[in-house]
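J.: Using the hints provided, position chain B relative to the given structure of chain A.
Letter by letter, the chains look like this.
2 protein chains.
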Amino acid sequence: MDTRVRPQVVARSAPGFDLRAWSGTHLERVEQALSSWVVMDAPAGLGDAMRYAVLDGGKRLRPLLVLAACEAVNGHTGAALRAACAAELIHAYSLVHDDLPCMDNDVLRRGKPTVHVRFGEAQALLAGDALQALAFELLTPDDGTVSAAVQAALCRLLARSAGYQGMAGGQAIDLASVGLALSEAQLREMHRLKTGALLQGSVLMGAACGVVPVAATAALGEYGAAIGLAFQVVDDILDVTADSATLGKTAGKDAAQDKPTYVSLLGLERSRAYAQALLAQALAALDASGLDTNGQARTHALRALADMVVNRDK
Amino acid sequence: MDTRVRPQVVARSAPGFDLRAWSGTHLERVEQALSSWVVMDAPAGLGDAMRYAVLDGGKRLRPLLVLAACEAVNGHTGAALRAACAAELIHAYSLVHDDLPCMDNDVLRRGKPTVHVRFGEAQALLAGDALQALAFELLTPDDGTVSAAVQAALCRLLARSAGYQGMAGGQAIDLASVGLALSEAQLREMHRLKTGALLQGSVLMGAACGVVPVAATAALGEYGAAIGLAFQVVDDILDVTADSATLGKTAGKDAAQDKPTYVSLLGLERSRAYAQALLAQALAALDASGLDTNGQARTHALRALADMVVNRDK
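Chains as they are written, first to last, in full-length UniProt numbering: chain A, 1 to 314; chain B, 1 to 314.
Chain A extracted, bound-state conformation:
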């Protein structure tokens, strides 16, 4: 059973669109590509640790967002597949490092022992480092399949999503916030960087695989920002309401680590309402994007993914 994607309210935002079938097709391409690109021939066990970190797990939300955005702009599918995998590698490396003892010290991830538990801390550190480099390697093939302009744009977007203005910066705020009472604005800024930047970056990388009017790119950026934040709000909700077995990772750890969350700040009901408001915002951005003209519903996958992000149960 494919448990990675379980759309529940697809009908509401993308009538007639079958996200399960769409995801199935696209996930198969992503899994095959990841398996062939995350190499076994890396030396001294490094390849094993890299593959363990990446393969066989995860919702693959970032790859799906890249591919859905590429579809929305009728972009270059080969470039998008590379960008999809690159975004997933950045995500995977961040989890490996985040799980290390000096960070969250977590032993369970996607229902399996974390990378450092399985391979040791040093190898986990290196595997994360190598995955980040591999992401940029995937974006820069020298086989003539992807134009230099698209390669450069993808590297630009990914580097900014991953670095100090994005994911790594958000992690630093997270680190500094344990035990502190954050305002909602501070919490939002932390998540905008920590999780939102790479989700939004995934959408924008998909858009960069095609030729798009500036206004449409801006709309896709708004969509990405809204679902990026919604993703974290829902994560905070699930950390409280779901159990470890369903999540495939340790539930309740935010509260245990005294981390500020949307639930601790807004309460459960207001957090749920906020997630729904962000979904509406994401869909409104797509409405305004101008991409669904001439009777073509190009944004249907993006719409259904937004639904899935907000209404998932794991």
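Honestly, the hints are just simulated from the structure, not real lab data. A portion of the hints provided could be inaccurate.
Same chains, same label: a pair holds when it works inside one copy or across any pair of copies.
[Unchecked claim] Derived lysine to any residue pairs resembling SDA-like cross-links, with alpha carbons at most 25 Å apart:
# : residue 1 : residue 2
1 : 259       : 48
2 : 259       : 41
3 : 259       : 44
4 : 259       : 175
5 : 259       : 47
6 : 259       : 43
7 : 259       : 45
T.: Chain B in isolation, oriented as in the chain A frame:
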């Protein structure tokens, strides 16, 4: 006193060329660029840790190699300055991670407490991660100053130098080799990846800033491979013959950690002879490159840097 570069036998390989003056000019540009690009506005102390890791220290050998190679091919100096800084960021991040307790557990680097001693392990981990991303960010400006083709080529070279086929792969072999009796071939392979790949990559990035015949690029690659290996042989020699105060890092740590080195494998005298042979090889590659035609000694800085690598005392 500028103690970073002390050429000693410049006259031999690049007659009449003043490496000290050349380096002084170029290092000033590199330091200014690093200081402006390694940002203070990264959140929650991350910027402080990043700057601490990068600024105010190091021989800056990789940046100098990029700039010297760019000069040899009469390339785009703006692109080369970005590539020079990007290579240094990758080097700096690798030192931060390499010094962590789960790796070499070192407390002294460039005469100062290591990043995790000063900022904590978690922040050091994040600073390293963010520096790697920043390297690719520097290579992909969107201000029109560097062509997309050069941006893509630089990202391609840097990612391969840093990743599983390069530095990270070499680190993994290093990790797996402690206490083992390596053959010379195995030791060479480890260093070719661990240190050599980024040094060679720096030379090739400099070359990618210009338009070069394939044969010249190949010759520069040979030069880079030779000095990359020579660098490590000399490092092994200095680990035995120099003291911590001169090195600015803990001397004798290879032996203390029971790591295989050229000195432990070949002895001191044969290691010294090997380093000189590699220098000769590097210079021969430049002779064959065809870059010094029409009475123009374009490779003089590369020659003098090769001398410095082999004949340095720290």
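J.: When Cα atoms must be at most 25 Å apart, do residue 259 and residue 48 count as within-copy, between-copy, both, or neither?
T.: Intra 33 Å, inter 23 Å, cutoff 25 Å: inter-copy only.
J.: With identical chains, the pair residue 259 and residue 43 could be close in the same copy or across copies; at 25 Å between alpha carbons, which is it: within, between, both, or neither?
T.: between (38 Å within a copy, 18 Å between copies)
J.: Regarding residue 259 and residue 44, is the shortest C-alpha distance of 25 Å or less found within a copy, between copies, in both, or in neither?
T.: Between. Shortest inter-copy distance 16 Å satisfies the 25 Å Cα cut-off; intra-copy 37 Å does not.
J.: Is it within, between, both or neither when you check residue 259 against residue 45 at 25 Å Cα-Cα?
T.: between (35 Å within a copy, 18 Å between copies)
J.: Is it within a copy, between copies, both, or neither that the alpha carbon of residue 259 lies no farther than 25 Å from that of residue 41?
T.: Classified as between; 24 Å across copies, 39 Å inside a copy.
J.: If the cut is 25 Å between Cα atoms, do residue 259 and residue 47 qualify within a copy, between copies, both or neither?
T.: between (33 Å within a copy, 22 Å between copies)
J.: Could you figure out if residue 259 and residue 175 sit no more than 25 Å apart (CA to CA) within one copy, between two copies, both or neither?
T.: Classified as within; 9 Å inside a copy, 34 Å across copies.
Checked against the numbered hints above, the structure breaks none of them.
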